[in-house]
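**Student:** Chain by chain, the residues:
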Amino acid sequence: MKRFYYFINKAFQNLRHFFLINLITVGIISLSLLVLSTFFMVFLNLQTYLNKLRDQIQVSVYLADGNTPEDISLIQKKINSFPQVKKLSLITKEEALSFFKDSFPGQRKALENLKDNPLPASLDIQLQDEYRGSEKVKIFARQIKNIPGVEDVEYGQTWIEGYANFLKFMRSAALAVGVVILLATIFIISNTIKLTLFARKDEIEIMKLVGATNFFIRVPFFIEGILQGLLGAFFALMVLFFSYQLFSNWIGQSSYFSLKFFKIFFLPFHHLLLITAVGMITGLLGSFFSLGRYLKYE
Amino acid sequence: MKRFYYFINKAFQNLRHFFLINLITVGIISLSLLVLSTFFMVFLNLQTYLNKLRDQIQVSVYLADGNTPEDISLIQKKINSFPQVKKLSLITKEEALSFFKDSFPGQRKALENLKDNPLPASLDIQLQDEYRGSEKVKIFARQIKNIPGVEDVEYGQTWIEGYANFLKFMRSAALAVGVVILLATIFIISNTIKLTLFARKDEIEIMKLVGATNFFIRVPFFIEGILQGLLGAFFALMVLFFSYQLFSNWIGQSSYFSLKFFKIFFLPFHHLLLITAVGMITGLLGSFFSLGRYLKYE
Amino acid sequence: MIQMLHVYKNYSPKYPALSDISLNIEKGEFVFIFGPSGAGKTTLLKLIFGAEHPSKGQIIVNGMNFGRFKKSTLPLLRRKMGFVFQDFKLLNHRTVFDNVGLALEVVGIKKTEIKRRVLKVLKHVGLSSRINTVPLVLSGGEQQRVAIARAIVNEPALLLADEPTGNLDAELTKEIMKLFKIINAWGTTIVIATHDKNLLNFNPTKVVALEHGKIKGVFVTGRKGAEETATRNGSIN
Amino acid sequence: MIQMLHVYKNYSPKYPALSDISLNIEKGEFVFIFGPSGAGKTTLLKLIFGAEHPSKGQIIVNGMNFGRFKKSTLPLLRRKMGFVFQDFKLLNHRTVFDNVGLALEVVGIKKTEIKRRVLKVLKHVGLSSRINTVPLVLSGGEQQRVAIARAIVNEPALLLADEPTGNLDAELTKEIMKLFKIINAWGTTIVIATHDKNLLNFNPTKVVALEHGKIKGVFVTGRKGAEETATRNGSIN
Ligand SMILES: Nc1ncnc2c1ncn2[C@@H]1O[C@H](COP(=O)(O)OP(=O)(O)OP(=O)(O)O)[C@@H](O)[C@H]1O
Ligand SMILES: Nc1ncnc2c1ncn2[C@@H]1O[C@H](COP(=O)(O)OP(=O)(O)OP(=O)(O)O)[C@@H](O)[C@H]1O
Ligand SMILES: [Mg+2]
Ligand SMILES: [Mg+2]
Numbered sequence: 001m002k003r004f005y006y007f008i009n010k011a012f013q014n015l016r017h018f019f020l021i022n023l024i025t026v027g028i029i030s031l032s033l034l035v036l037s038t039f040f041m042v043f044l045n046l047q048t049y050l051n052k053l054r055d056q057i058q059v060s061v062y063l064a065d066g067n068t069p070e071d072i073s074l075i076q077k078k079i080n081s082f083p084q085v086k087k088l089s090l091i092t093k094e095e096a097l098s099f100f101k102d103s104f105p106g107q108r109k110a111l112e113n114l115k116d117n118p119l120p121a122s123l124d125i126q127l128q129d130e131y132r133g134s135e136k137v138k139i140f141a142r143q144i145k146n147i148p149g150v151e152d153v154e155y156g157q158t159w160i161e162g163y164a165n166f167l168k169f170m171r172s173a174a175l176a177v178g179v180v181i182l183l184a185t186i187f188i189i190s191n192t193i194k195l196t197l198f199a200r201k202d203e204i205e206i207m208k209l210v211g212a213t214n215f216f217i218r219v220p221f222f223i224e225g226i227l228q229g230l231l232g233a234f235f236a237l238m239v240l241f242f243s244y245q246l247f248s249n250w251i252g253q254s255s256y257f258s259l260k261f262f263k264i265f266f267l268p269f270h271h272l273l274l275i276t277a278v279g280m281i282t283g284l285l286g287s288f289f290s291l292g293r294y295l296k297y298e
Numbered sequence: 001m002k003r004f005y006y007f008i009n010k011a012f013q014n015l016r017h018f019f020l021i022n023l024i025t026v027g028i029i030s031l032s033l034l035v036l037s038t039f040f041m042v043f044l045n046l047q048t049y050l051n052k053l054r055d056q057i058q059v060s061v062y063l064a065d066g067n068t069p070e071d072i073s074l075i076q077k078k079i080n081s082f083p084q085v086k087k088l089s090l091i092t093k094e095e096a097l098s099f100f101k102d103s104f105p106g107q108r109k110a111l112e113n114l115k116d117n118p119l120p121a122s123l124d125i126q127l128q129d130e131y132r133g134s135e136k137v138k139i140f141a142r143q144i145k146n147i148p149g150v151e152d153v154e155y156g157q158t159w160i161e162g163y164a165n166f167l168k169f170m171r172s173a174a175l176a177v178g179v180v181i182l183l184a185t186i187f188i189i190s191n192t193i194k195l196t197l198f199a200r201k202d203e204i205e206i207m208k209l210v211g212a213t214n215f216f217i218r219v220p221f222f223i224e225g226i227l228q229g230l231l232g233a234f235f236a237l238m239v240l241f242f243s244y245q246l247f248s249n250w251i252g253q254s255s256y257f258s259l260k261f262f263k264i265f266f267l268p269f270h271h272l273l274l275i276t277a278v279g280m281i282t283g284l285l286g287s288f289f290s291l292g293r294y295l296k297y298e
Numbered sequence: 001m002i003q004m005l006h007v008y009k010n011y012s013p014k015y016p017a018l019s020d021i022s023l024n025i026e027k028g029e030f031v032f033i034f035g036p037s038g039a040g041k042t043t044l045l046k047l048i049f050g051a052e053h054p055s056k057g058q059i060i061v062n063g064m065n066f067g068r069f070k071k072s073t074l075p076l077l078r079r080k081m082g083f084v085f086q087d088f089k090l091l092n093h094r095t096v097f098d099n100v101g102l103a104l105e106v107v108g109i110k111k112t113e114i115k116r117r118v119l120k121v122l123k124h125v126g127l128s129s130r131i132n133t134v135p136l137v138l139s140g141g142e143q144q145r146v147a148i149a150r151a152i153v154n155e156p157a158l159l160l161a162d163e164p165t166g167n168l169d170a171e172l173t174k175e176i177m178k179l180f181k182i183i184n185a186w187g188t189t190i191v192i193a194t195h196d197k198n199l200l201n202f203n204p205t206k207v208v209a210l211e212h213g214k215i216k217g218v219f220v221t222g223r224k225g226a227e228e229t230a231t232r233n234g235s236i237n
Numbered sequence: 001m002i003q004m005l006h007v008y009k010n011y012s013p014k015y016p017a018l019s020d021i022s023l024n025i026e027k028g029e030f031v032f033i034f035g036p037s038g039a040g041k042t043t044l045l046k047l048i049f050g051a052e053h054p055s056k057g058q059i060i061v062n063g064m065n066f067g068r069f070k071k072s073t074l075p076l077l078r079r080k081m082g083f084v085f086q087d088f089k090l091l092n093h094r095t096v097f098d099n100v101g102l103a104l105e106v107v108g109i110k111k112t113e114i115k116r117r118v119l120k121v122l123k124h125v126g127l128s129s130r131i132n133t134v135p136l137v138l139s140g141g142e143q144q145r146v147a148i149a150r151a152i153v154n155e156p157a158l159l160l161a162d163e164p165t166g167n168l169d170a171e172l173t174k175e176i177m178k179l180f181k182i183i184n185a186w187g188t189t190i191v192i193a194t195h196d197k198n199l200l201n202f203n204p205t206k207v208v209a210l211e212h213g214k215i216k217g218v219f220v221t222g223r224k225g226a227e228e229t230a231t232r233n234g235s236i237n
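Residue numbers (my numbering), protein chains in the order written: chain A, 1 to 298; chain B, 1 to 298; chain C, 1 to 237; chain D, 1 to 237.
The shape of chain A in the complex, shown without the other chains (with noise of 0.2 Å):
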């Protein structure tokens, strides 16, 4: 314990001692954080919002002219029954026209002409959250459409499966491109820690000399490892943060943009977490893998 308590204040000795070194390391590390966790909130902003836009997706139930009010409330009974069904509204001929004529006000004109309303009465469902899937709205789709009185089923089929390789594209590259900044975070940090300790493998050497034991010479290295990945992780997330709170009220205040429509939210704490533990555990790996070649000396 009182070995411990040594090591921790080596370890902020060092950080001191070779001030100017270990502010380029932070600074580095900082950055390389920052782009890491800047990557990772547009990502989770945009996939929230195209998330968003899934929960859009209805199933419409077109139903035949000639269901009674009794038949149309059994076809809402069947289909409740569902499990896919959250919410089911209905909308009836009349409710359906006049919601034409409002989308359509070009033809209000040449609908008034019309003695029989052509619009069928239908019935909008809002499916659970597990059963939005392309594929699985095709099925359900399916079994809806063979419920007597019900006349078609439309889903945007086109559109979801659209969306569908959207988000698989997205994904992907952003797998992808998050993969890439995250090696080259670990790869920077790492071999900048490398970088420094070549500036001191004087002081390794001397310490082998006088008997120090390789456990002894890692121990504070190891901790000045993770207290630059840890403040580095910190720096980042602050800038990070401060850019983040200017950024959305300079969207609050911009008369552009609708608050609903891009409302970003910072990243959630495990993710801070993650991106501390990433700074931590490379600045960690990174004295340890770079301290063996200095080590070996004897």
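Because the hints were derived from the structure by calculation, they are not lab data.
Certain hints may be false.
[Stated by the list, open to error] Facing chain B, a subset of chain A residues (Cβ under 8 Å, in silico): (1) Leu34; (2) Ile79; (3) Phe82; (4) Leu175; (5) Val179; (6) Asn191.
Every value quoted in this text rests on a predicted model; they were computed, and no experiment measured them.
Glycine residues also receive a C-beta, built at the ideal position from the N, C-alpha and C atoms.
Using the hints provided, position chains B, C and D with the ligands relative to the given structure of chain A.
**Tutor:** Chains B, C and D with the ligands only, in chain A's frame:
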């Protein structure tokens, strides 16, 4: 000239001599530039994709039912005289109806019962590139609406504004992230070089002691810095290119993607030059500013 | 304390640095390794210190055979040794106090005790006033004395000193040799490598004469006129 | 060649390293700066070399006043000087050839000429066989000779040598002093800092005795029994 040859030679000699340090430096530069160029590429592709979406903006002009074919061709002529118009195509009432039937197969039966065709004839206008801004489209629409015989003009007001906002948002977000990555790259490259010079300050000191001028000491370091930047950029762009090849092959073979949906392109030549320049210039400046420190020794 | 048996050391095949060295140094002895530049003096000390490994032959220090024991025991062995390096090997950017204290720090000695002992030993080498200076700004002789202080601060059982007075004037050389004699009197075995004939005359000691990596002879000097005892290449004592 | 007028050097206000040094060294002289550890010998040489600046006083080397001329002319002045540093200041990872050649490289001399001159000077110091070795693996004395070789390879008008024989045995010391005498005979002014009385006896030379940063006296030695000429603190010659 002979001097210059000597300097180049010296720089290469140093690259070889401090091989490991230089390898690490080039690696770090490479990865920094790889992140930068990956970001660039993703951004440019996304922007191009979004621009393609914008090209699909068109203005629909609904014509009153009372127009004779002569009236219609007069209106067409009038609209064609606007500088905004790139292409104009007529959709007759019949075409509109069949299109509507195709789009809403569920309502086909309902529409077949109609005696009159409720849908109006319309003119679809494709706009010149420079008139696709949300404000400009609005003005154009107002002008068209004043033409006699035109009943209504539609151009997806909400969509076009949402799109413009999204584009603005994307551009500023990308700008912010891009600047962060660029600054990080520059900081990392120049400070990596600074760290390597820590390990070589003896060399600089001793050269001064045997009577080398600052110029004589500096130039090989500058050349070395430039070479490091150049090599770093080269490797970064090689890796980027091969990843790009792999990725586009994967897209091409994947059954999920229609090629026309996402045809990604590689960075254009002047961007490659730009990234190489960033590498070389930060390599040079990194050496320049780091050397200053050590050249003060006497 | 130290046994060397037919030890060879070749850094490169062409120039053997040491060949067929057999040597026995008892606990408490005061021995000079004497020879011209490039004779192999530093190499010999480094072998005893475990900083180099013999190409051939056995080295036993303090009952431990260097060819046998695990690498991890080397630090423990070194804590019982002091080494004054020819090029000092000081941490140029740490204070004199830190440099000397380092040898105690690695053993895990308490701060207050470190302070007491470092101050004492710095007084012995005449550097009390330089305690918070960094070696970078010290004169050559001052640096050498810091190196000596570090080597003796942990009261080693074996002191290896490589040209410890090369940068010291006659007066200081006398002082340091006196200090070494005192330490020797307390039981520390001392081995000094030097090319300086004058050093040999300080007290009756054993001198191992080295040339071109070979032992040329072993003398005992200091008692008015050196008299040769054992012979070349010989098993001494 | 060298004029120093009431020169002071204080690294810190408490300990003046040099105080009120006045000194005149003519072209072609062979001068020893003699004094104990910490006397200020190295500091004196560094002032002449322009590696340190006097706190007070004037230094004129080769007709140039150090207080006056532009910083950028210092390298040009140094090309006419050679300096053997007390701690050698060699590039540890470059070969002996590169180290010695460096002093010629910076002047822009052709490769073939560099090779010729480096080989010649390495022969003079007895290191021909070590040409492609790095100083890191050389013995202390060998490193010192590399430092000497580098200092004389550009045939300097002024040679400053700081304890140039501290790591050399008696035999080599004699050789090197002979070499210095030859160089001196060709017209090079030589200033050697040393604490070693034995060195002073090699030839009739001027000796500047330094102690605690002050000139204690100036002697001429070598002609059987040193005779004092000028006085303490004095304007010499
Ligand atoms: N690590 C090494 N690699 C190769 N050769 C070496 C190494 N260390 C020493 N040598 C060579 O071995 C020989 C003996 O070196 P050593 O340092 O033992 O001499 P020394 O007696 O200490 O000389 P000095 O009095 O000059 O210090 C020298 O010729 C030296 O060049
Ligand atoms: N850069 C410096 N900063 C502070 N003090 C210094 C510096 N250089 C030398 N000193 C001090 O000035 C004094 C004279 O140092 P100098 O190196 O000139 O002595 P020296 O005569 O060469 O001694 P030695 O024979 O031990 O090499 C010493 O006490 C030294 O500690
Ligand atoms: Mg030696
Ligand atoms: Mg000195």
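**Student:** Work down the list of hints and note, for each, if the structure agrees.
**Tutor:** Verification of the hints:
1. At its closest, the beta carbon of Leu34(A) sits 6 Å from a beta carbon of chain B; the interface hint therefore holds under the 8 Å criterion.
2. Contact between Ile79(A) and chain B, as hinted, is not supported at the beta carbon level, the nearest pair being about 16 Å apart and thus beyond 8 Å.
3. A least Cβ separation of about 20 Å between Phe82(A) and chain B goes past the 8 Å threshold, and the interface hint is therefore violated.
4. Of the supplied interface hints, the one on Leu175(A) is violated, with its beta-carbon coming no nearer than about 11 Å to a beta-carbon of chain B, more than 8 Å.
5. Look at Val179(A): its Cβ only gets to about 10 Å from chain B, farther than 8 Å, so that hint breaks.
6. Checking Asn191(A) against chain B by beta carbon gives a least distance of about 5 Å; that is within 8 Å, so the hint holds.
Hints 2, 3, 4 and 5 from the earlier list are contradicted by this structure; the remaining hints agree with it.
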